[in-house]
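Trainee: Chain by chain, the residues:
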Amino acid sequence: MSRRFTAYLYSSAATAASVNLEQLAQYITGWLPELTIELRDGLIEFYFSKLNPDERSQAIRQLAWGFARARVRNITQPKQPFEPLPGEVDYEARRLANPASRAWGILYEGFELMHILRGLIPEAERSWYHIHIVFINQLFGTWEDSDRRYHARVSLYGLPSILSTGGIVEAPAKPREYYLLKQQYLALGMDDAPALLEARFQDRCIGHDDPRLTEVMKGYLMQALAYHFWGDPFCSDKSCRLYNAHWQEEVIAAQLKEGPDFCPAHAQRFKEGLRRLPSA
Amino acid sequence: MPIFSPVGEKEVTRAIVGGFMRQFEEYTESDVIIVGGGPSGLMAGRDLAAKKVKVLIIERNNYIGGGFWIGGYLMNKVTFRAPAQETLKELGIPFEKAVEGLYVADGPHACSKLIAAACDAGVKFANMTIVDDVVLREDNRVAGAVINWTPIHALPREITCVDPVAIESKLVIDATGHDACVVKKLEERGLIKTVGFGAMWVERSEDLVVEHTGEAYPGLIVSGMAVSTLYGLPRMGPTFGAMLLSGRRAAEVALKLLKRVPVA
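Taken in sequence, the protein lines are chains V and Y. Heads up: the first sequence begins at 1 in this note's numbering, then just goes up one per residue. Heads up: the second sequence begins at 281 in this note's numbering, then just goes up one per residue.
Hints are computed from structural coordinates only; laboratory data are not their basis. Remember, predicted model here, so these are calculated numbers, not experimental data. Don't take each hint at face value.
Claimed, not checked - Where chain V lies over chain Y, by a calculated footprint (3+ residues, C-beta under 8 Å): (1) 414-424; (2) 491-500.
Claimed, not checked - Listed below are the simulated DSS-like cross-link pairs for lysine-lysine, each with C-alpha atoms no more than 25 Å apart in a straight line: (3) Y:K464 <-> V:K79; (4) Y:K404 <-> Y:K332; (5) Y:K357 <-> V:K182; (6) V:K79 <-> Y:K290; (7) Y:K334 <-> Y:K357; (8) V:K257 <-> V:K271; (9) Y:K473 <-> Y:K331; (10) V:K182 <-> Y:K377; (11) Y:K357 <-> Y:K369; (12) Y:K331 <-> Y:K393; (13) Y:K334 <-> Y:K404; (14) Y:K357 <-> Y:K332.
The C-beta atom is built at its ideal place from N, Cα and C for all residues, glycine as well.
Please model the entire structure based on the sequences and the hints provided.
Mentor: Here it is in structure tokens:
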């Protein structure tokens, strides 16, 4: 069996506590044994590891400016280019200098984020035979023309595919009761409302550092691979791991249920594997 | 036999005027002017003054403390998330554990202790004072504040030709809460652009305020909720822990900057 394709899974110190790359690699191998898998540190750290200290300092400033500029400042307006504030650049530089630091609450433009990360992938690995899947902690979104606003996303597929451990918590909508209770708690001035609600809804929602995150991310990884090989990451069957869930309860139903992982059609496609794809 | 000394009205007036004028004259020039006497401004002032930095806090109200006297729904209990309880301990503010990671204290006790800590450290106050503008030096560096009495702004426009005065400092800290008054003065001059409030609420965004606290413009540090306004960070509820820690961060940044600020 020729191992033509290589998938690179990236996870930094900021996402290491949330996702277990070894388990994810084993899962992929179970379905696509012909795919070579390489586990790497976070993509940014991987890129920095090839630079000398001066180059690294310079890269931090350049990337910090790029990340600051990739922020979505107004979720109800299509993003326009802007000059980031020095404080925003400094914040990003501090975050880049400390790979374990995690970003909460800032929404980044997904395609700009992808563009920045793409620039960090070695030239020799930018081809169809190299699949790059990056776990990040940052929250990102994409503009939706139908309702004229940005929507937070769990994943964005391309070169590289990006999976957000923050996005899986914030992007799929929580049950309606969650938001009603949250309004009431906040009106009462309970600034611990998010923590209380997280505990109350833990069976119906995925939380930050949730021990189920690795299991959940298996499906998103397979979506990234399905997109890469066959051009369509999603399935309309709500019980298939490729289902494009918009609600937390749908995420749980698709990713944490008992029974088959995929619908019959996608299970068959993964079983056939990569044999019918063109050779290198 | 009378209880109190026989002091006349003129002596009382002289004491007030003399004391005020001596302090006012001395603080026409300080190391750091903090605009806003809420929790983040008080915390920054206390930490700076404890390091022998000459600090003046400007407050537009007659009372100091901002919104720190009460918590949500006008209830006078204020909550803090860990690790802010360490700061409460340091300030001698009694508190109780509400749930894991959350602590609650009496608003009046917490606020008065913080004010006292700032006073004890050596902070001076100019209350009932409003910032009309900023003083700019070479390269548009912020180097002070143009101030006036707060009631002037309540007078009819026809009789408000009461000129302000300017006081100087090496640094200014904007701790004016959501209004971000000092930042807005720079924005009026086209020197900075605030992002405004973020439209969305995202859990755990409290850290962002602390992490974005810092020098926003040469000579100007932004602290507390003014940080949210400047950077468009997500809205938050009453998060006093973040205000205290943001104030601490502002003081750290100021100390670092003071070492490289040319002496006036």
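Trainee: If a hint holds in the structure, say so; if it does not, say that too.
Mentor: Hint check results:
{"no.": "1", "hint": "414-424", "verdict": "violated (count 0)"}
{"no.": "2", "hint": "491-500", "verdict": "holds (count 6)"}
{"no.": "3", "hint": "Y:K464 <-> V:K79", "verdict": "24 Å, holds"}
{"no.": "4", "hint": "Y:K404 <-> Y:K332", "verdict": "12 Å, holds"}
{"no.": "5", "hint": "Y:K357 <-> V:K182", "verdict": "20 Å, holds"}
{"no.": "6", "hint": "V:K79 <-> Y:K290", "verdict": "65 Å, violated"}
{"no.": "7", "hint": "Y:K334 <-> Y:K357", "verdict": "32 Å, violated"}
{"no.": "8", "hint": "V:K257 <-> V:K271", "verdict": "21 Å, holds"}
{"no.": "9", "hint": "Y:K473 <-> Y:K331", "verdict": "32 Å, violated"}
{"no.": "10", "hint": "V:K182 <-> Y:K377", "verdict": "22 Å, holds"}
{"no.": "11", "hint": "Y:K357 <-> Y:K369", "verdict": "17 Å, holds"}
{"no.": "12", "hint": "Y:K331 <-> Y:K393", "verdict": "19 Å, holds"}
{"no.": "13", "hint": "Y:K334 <-> Y:K404", "verdict": "8 Å, holds"}
{"no.": "14", "hint": "Y:K357 <-> Y:K332", "verdict": "32 Å, violated"}
Consistency note: the structure conflicts with the earlier hints numbered 1, 6, 7, 9 and 14.
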